[in-house]
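K.L.:
One letter stands for each residue in the lines below.
2 protein chains.
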Amino acid sequence: MESSLTAEMINLAKQAKGASRALARISSDEKNRCLIAMAVAIRLNSREIKDANRQDMDAATIQGLSRAMLDRLELDDKRIEAMATGLEAIAALHDPVGRVLEDRTRPNGLRLKKIAVPIGVVVIIYESRPNVTADAASLCLKTGNATILRGGKEAIHSNTLIAQVLVAAACKALPSFPKHAIQVVQTPAREAIRELLSFTQYVDLCMPRGGEGLIRAVTECSKVPVIKHYKGVCHVYIDNEADLTMAAEIVMNAKVQRPSTCNAMETMLVDSSIAAQFLPLIGKQLADKNVTLHVDQASHRLLASTDATMVPATELDWSTEYNDFILNVKVVSGLEEALDHIAHFGSGHSDAIVTQNQSTAQTFLHEVDSAAVYWNASTRFTDGGEFGMGAEIGISTDKIGARGPMGLDELTTYKWLGLGTGQIRR
Amino acid sequence: MESSLTAEMINLAKQAKGASRALARISSDEKNRCLIAMAVAIRLNSREIKDANRQDMDAATIQGLSRAMLDRLELDDKRIEAMATGLEAIAALHDPVGRVLEDRTRPNGLRLKKIAVPIGVVVIIYESRPNVTADAASLCLKTGNATILRGGKEAIHSNTLIAQVLVAAACKALPSFPKHAIQVVQTPAREAIRELLSFTQYVDLCMPRGGEGLIRAVTECSKVPVIKHYKGVCHVYIDNEADLTMAAEIVMNAKVQRPSTCNAMETMLVDSSIAAQFLPLIGKQLADKNVTLHVDQASHRLLASTDATMVPATELDWSTEYNDFILNVKVVSGLEEALDHIAHFGSGHSDAIVTQNQSTAQTFLHEVDSAAVYWNASTRFTDGGEFGMGAEIGISTDKIGARGPMGLDELTTYKWLGLGTGQIRR
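Chains as they are written, first to last, in numbering that gives the first Met the number 0: chain A, 0 to 425; chain B, 0 to 425.
In short, the hints are calculated from the structure, not lab data.
Among the clues, some could well be false.
Identical copies look the same in the list; a pair holds intra-copy or inter-copy alike.
Unchecked claim - DSS-like cross-link-like pairs, simulated, lysine-lysine; straight-line CA separation at most 25 Å:
| no. | residue 1 | residue 2 |
| --- | --- | --- |
| 1 | K288 | K49 |
| 2 | K49 | K171 |
| 3 | K152 | K230 |
| 4 | K16 | K178 |
| 5 | K171 | K16 |
| 6 | K49 | K77 |
| 7 | K113 | K178 |
| 8 | K49 | K13 |
| 9 | K222 | K112 |
| 10 | K13 | K171 |
| 11 | K230 | K113 |
| 12 | K230 | K112 |
Isolated chain A, as found in the complex (with noise of 0.2 Å):
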C-alpha cells in the first residue's frame, strides 16, 4: 500500500499534468492577463501577505535562525512592490511558445516544422527567500509550464499565500485558468521530493536553485530531469599580450564588484612572464578592497612588496567558490597552463581571457568548456538580465537543455510537427 505522503504527491504530480494540458489551450493574451491580475492582487493583499509572512518570521526567530537568513525570508512593502512589478514585466516580454524554430519542406512534400512548446510540469525547489514564488511561477506561466514550487519550509506561510493569491488571481482574470497550475509542497517532510522526483509520468524537469548542498541532495534522487549549477569558480586569465588597465578593471570587477554571486572570479591566472609587472599593481588594488589573497609561491613572491593579506592556497582552494573578499592567485607558465587549470579545477560556469592576441583568445574560447567564455570582458555577465533575456530562472552549468542564463525560450521544449497531403513511407 503506498504511503499518505506518496499519495499527496502523486496527487500533485497528477494534478499538474492536467494543468499543464489546459495551460496549452490558453492564449498569450490570456495568459499576460493573468500575470497583470496577478500583479494587481499582490498588491491588494500586501497586508494578508505581510501577516502570513510574519508568522513564518516568529517561527523562525524562536528556531534562532540566523540575522541573514531572517533578513532573507522578510517580506516588506518595498520587497512585495518587486513582486508585482517582476508580474509586470513578464507579461510585457515576448511569449517564448509556438516560435517556428525550423521549417522545411521534404521531397515527398511532407512539411515539417520545429516548435516551441512548455516543457510540461516543472518542479522548483529553493530555499529562504519567499520572493521567488512569485517569480517562479511567473516565469513557468508565462511559458505554459505547469509549477510544483517547493520552498524552505521556514518560508511556507508566506509561499503558501503568495501562491494562493497568484492562483485566485488568475481564476478571477481567466476562469477557464487550472487552479493546479501553480501548487505550492505543504509537507516539511524532506522525503516529499525523493517521491515527487520519482514520477517520470507527470514530472518533465526539476530545477533545484540554492546551495551546492541542496542541488546535489536532489540530483543523487531525481529520476526525472535536473537542470542546475552546483557552483561557480570562475577564472580570469591575464594573458602576457594583456591591456594592463584593462586586465585591472576587468579583475577588479570580477572580484569585488559583487563577489556573493556564482559568476564573481574566484581564482586570477597570470602568465608568468607579465606576473612582475601586474601582480604588484593589482595587489595594491585588492588589498585597499580587503580581498584576501590564496597564493601559490611565485605570486607570493611578486605580492610581497604590497601589503595585500596573503595565505598559501591549498590543493582544495582551486576548486572553492567563495562568494566573498577571498580571491586564489597564481602565476602560469602561459595559455597551455591556464587551460589545464581550468579545466582540472573549474566549474564550467563563467571564464574570461585578457589579451590583445586574437589567436590566443581565440584558442582560449575554444577550448574553455564552460557555459560562458569571455574575451575582454568580466565573468559578471553571465545573468539573463545583462544577456538580454528580460527575466532569468538561474543559470545552468549542464550541458544537456539550457547552459549558461535560463530566460523564457530556456524554459520550453520544442516538438516536430509533420503537415502532410497523405504522404506514406515507402
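Starting from the known structure of chain A, fit chain B onto it as the hints suggest.
P.N.:
Positioned in the frame of chain A, the structure of chain B alone reads:
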C-alpha cells in the same frame, strides 16, 4: 578503498574526458580524414572482424541464444560493407560543431555568440548488433564527442575488434588523434554501468538503445543525464472529416509497412460518426495482411462483417507496444476523446490525425504532446533519414535535450562566447 571495478570505470571515464579535450582541437577536415581512413580499415580488416565475430557466434550458440539473437549478432560481408559505407556517409555530412545559433551585441558593446559545441563524453549502451559500434563511434567522432561504448556481452569480441580497427586507422591518418576517443567497456559486470554513470564530473550524457527493460534499468541508476525513449505507442486518429481513402492508406502504412519499428502505429482511434463506414473497409485490408485486432465493444460490432481476427482489448493493451501485426482499435466520440486517450495512454513518440478540417488538425497538432505530431501523414516518418538529418543515433521521447529523431545537431550542446573590449558590469 575503491574496488577494482570502480578503478577501471574511473579510468575509462577520465581517459574519455581527456580525449574529448583533444578532439576539440581537431578540425572538420581532420575528422573526415579519420572517418574515411576508418572505412578503408573496416574493409581491409573484414576477415579479422569476421573471425572475432565467429568467436562471439560460437559462444552464443553454445549458450543457446535464439535464432533471432544470433541473426542480429552475425557480421557477414554485406554488414561489414554497410559499416564502411556508413562511415563514408558520415564523413560527407556537414560538421555541426561551430554553428552560430545566435549572435547579438548588447548596448554596452559586448557581443554574445551562442555556438554549437560537442557535448563531451557520451556513453552509449546497446544490445546485440555489433554494427552499432561503428555507427555510434562515427557519429560521436563527427560531433567531437568522446564515446564509451557498452554493447551486449555476447558481442564483446566483435565490438572490441571493431573499435580497435577504428582507433588504429584514425591514429594512423592523424597522429594527434586521441586513442581514448572511442572505448569499449570490457567487463561484463552489470555493476559497471552504475559505476560509469555515477561519474558526473567526467561523463556528460548516456544514451541507452534497446528494450524498455534495459532503458529503465539505465535510467534508474544513472546520475548523468539520459536521453532515451522507452517505447513507441503511436496513434492514428481518423476524424469525421477525414478523406477515408487517404486514411486507409495511412493506417495500412503506419501498421504493416514495418511493424517492428518504434514509429509504427499501435492504436487506431476512429470517430464514431464515420466508424460504420470506415471500419468495415479498413478491417478487410488489415485482415488481408493478417493483422490481429484488439478491439473495444463498438469497433467489435462494426468489424463483425469482416473476416478480421479480433480479441477484446484489455486496459493494458492501450499502452502496449506490440511491434507486430497487432492493432488496437477504438471508436471515440470525437477529437476530445481522442486527445484524452492519447494523453493518457500515449508514449509521446509519434501520433497522427487524418482530417480535411484545418481547424481540427490545428487543435490536434497543438495539443498532442509528442515528439512528432502528424496531419495527414504516416507516423512512420519519425526517423533521422526521413527528416533529412543524414544520420540518426536514436529517437528521443524526452523533453530535455533532444526530442524526436537525433541526428548530428542533436549530439551537440552550445556555449556562449562574450567578445568584449574591456566591458565591466556596472
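K.L.:
Against this structure, judge whether each hint is valid.
P.N.:
How the hints compare with the structure:
1. K288 <-> K49: neither (37 Å within a copy, 70 Å between copies)
2. K49 <-> K171: within (22 Å within a copy, 71 Å between copies)
3. K152 <-> K230: within (23 Å within a copy, 39 Å between copies)
4. K16 <-> K178: within (12 Å within a copy, 46 Å between copies)
5. K171 <-> K16: Only inside one copy: K171 and K16 sit 22 Å apart there, 54 Å across copies, limit 25 Å.
6. K49 <-> K77: within (11 Å within a copy, 75 Å between copies)
7. K113 <-> K178: Intra 30 Å, inter 37 Å, cutoff 25 Å: neither.
8. K49 <-> K13: For K49 and K13, neither the intra-copy (31 Å) nor the inter-copy (52 Å) Cα distance is at most 25 Å.
9. K222 <-> K112: neither (30 Å within a copy, 33 Å between copies)
10. K13 <-> K171: This pair counts as within: shortest intra-copy Cα distance 23 Å, inter-copy 56 Å.
11. K230 <-> K113: Only across copies: K230 and K113 sit 22 Å apart there, 33 Å inside one copy, limit 25 Å.
12. K230 <-> K112: Close across copies (23 Å), not inside one copy (37 Å); limit 25 Å.
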